[in-house]
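Engineer: Given next are the chains, with one letter for each unit.
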Amino acid sequence: MSAPGPTETLRRLAAHLQRRARWRWPEILFWLAILAAIFALPLRAGIINEVLIAGLFALSLDLILGLAGIVSLGHAAFLGLGAYAAAILASKGLAHPMLGLVFGAAVAAFAGLVTAPLLLRGGDLTRLMVTLGVSLMLGELANRNSWLTGGADGLNFSIAPLLGLFPIDFTGQRNAALYSFAVLFVLFAVARRLAHSPFGLALAAIRENRLRAGALGVDTGLRIVAIYTVAAAYAGAAGALLAQTTQIASLDLFDFHRSADVMLMLIIGGTGYLYGGLIGAAAFIVLRDVISAATPEYWEFWIGLALVILVLAGRERIAAAPRKLVALVAPRAARRGAA
Amino acid sequence: MSAPALEARDLVRRFGALAATDGVSFAIERGARHALIGPNGAGKTTLINLLTGVIRPTAGQVLLEGRDVTHLKPSARVRMGLSRTFQINQLFPDLTPAESLGLAISERNGSGADFWRAAGSRPAIVAEIADLLMRFGLEAEMDRPTRRLPYGKQRLLEIALALAARPRVLLLDEPAAGVPEDERQDILAALAALPPDVAILLIEHDMDLVFNFAERILVLAAGRLLTEGAPEAIAADERVRAVYLGEDAHG
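Going down the list, the sequences are from chains S and H.
Read in order, the letters of the first sequence are residues 80 to 418 in my numbering.
Read in order, the letters of the second sequence are residues 70 to 320 in my numbering.
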């Protein structure tokens, strides 16, 4: 075997480094399929909208957990903040959806920036407790300051049509889903770009070996604060979308179960490749809908069972099962397919 | 005369009543090859941690090319030219050698916080990664996850990563530790080919390697600098023999 020449090495190297940055056709199909579903299933626009928003929320968690390896059990704090920020703005008469969206994301980002330094000390357990604590505090603040938030009754408001043309309230559920889709797609594309940049590479290094990342000159603390702030903005945007498309912000947005559910979604779909949150959100919500229709009181039992099987059997093995089945039935075809 | 590349002044680090580092002073000139030896428990690891900034000294100073870095974070010291390798591999298991090196180079030249450009889109960085891969014989493994690399190749990547930071001072912590005999020559060749203008402090148990590599040897015992000198002088020093013989039971 002769050594490859320098030009060949350079070419292979550049291709290797950029292999993930290029959009592939299954990805494009994925997005087109969602768009098609919104138009093909008008009666399901509500649940599709819910999935898209949950997917954005899970994407936000993936930015910190999947990219940088930072765990959180209080991500709902930013969902709630974004929702209330958008709701309060709208209730004061500034009811343009885009305005509320940006405001919700900005308020959540600010809260992320302020609380991120708390995550730099200690291990995973510390981070779980700190994030949980912050979300509990914010939830209680929203409860206490009912003059602003409506307290336990929640905050009802009306939302202006999108761009002054398209209503996104209950009369325009498809518009609402399209609005959420557009926001999700743009934010996903940004996250994707970020993940494949040198900044994203540094986050991967922090996740894989924080000691060595620091020893190579990566200011690990600064990077963690940066991505946590971005993730908070994403969660805030998800909260704003949720409030705007339902015209209510309620205290349960801060609830622990929101933080736990989004973690489940991400684990179901898989962390670190950005689509996991979207796939997990769809699986979680559809599963919940189907099971709760069959057994309204005990649906959590089945979700729990699915989760236990998933983590014990391993997602990779479950995903590989169809291929192995094919290999059993038609070994030659499978080998040719693998080559 | 210019300031030494690396200088320690009266470094002290106490853990409770124990002085793990006890008044250590030394200087390494630009491009010099020094080795640090000493029996187990002499305080070599503590000293490295003090130099790199992982822990803060109780007293004393660390200077890099004349600048006081005693109160700087490890990452800031790296950017000022102090780089290290680890005795136990500290790599990024799921990243490939090419990605790991790209990261180290980006951090060094200040484009590591670049969040909008695709990694691998700057020809200058790609060329530098290729150069490092070829210098350390890693080009065939460049796109394999690091955890799948043979141990010897991982040791080479350890050094390549430290060098990607373009250090003025390089601390090598037992670079040949655990490397099987047939891959050892690659490590020795890599050490011999390190840039001549980089000052190197080699921390090593392997005396063959130490006496082959170093122009000057520092001997640490019980947290203090026992002696410092040329290899011949150290080899003939009775006190050095005594601290090692006293420790013979450890091997």
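Please note that a few of the clues may not be correct.
Pair ranges (Cβ atoms, derived) [claimed, not checked]:
(1) Pro-192(H) <-> Ala-385(S): 27 to 35 Å
(2) Gly-383(S) <-> Glu-252(H): 31 to 39 Å
(3) Ala-182(H) <-> Ala-373(S): 46 to 54 Å
(4) Phe-84(H) <-> Leu-290(S): 13 to 21 Å
Rather than coming from a laboratory, the hints here were simulated on the basis of the structure.
Cβ coordinates follow ideal geometry from the N, Cα and C atoms, glycine included.
Engineer: Run every hint past the structure and note whether it holds.
Structural biologist: Going down the list of hints, with the structure as the test:
For Pro-192(H) and Ala-385(S), the Cβ-Cβ distance of about 48 Å falls outside the hinted range of 27 to 35 Å, so the restraint is violated. The beta-carbon spacing between Gly-383(S) and Glu-252(H), approximately 49 Å, falls outside the hinted interval of 31 to 39 Å. Distance hint for Ala-182(H) and Ala-373(S): a CB-CB separation of about 50 Å, consistent with the stated range 46 to 54 Å. Separated by about 20 Å at the C-beta atoms, Phe-84(H) and Leu-290(S) satisfy the suggested range of 13 to 21 Å.
Comparing the model with each numbered hint stated earlier shows that hints 1 and 2 do not hold.
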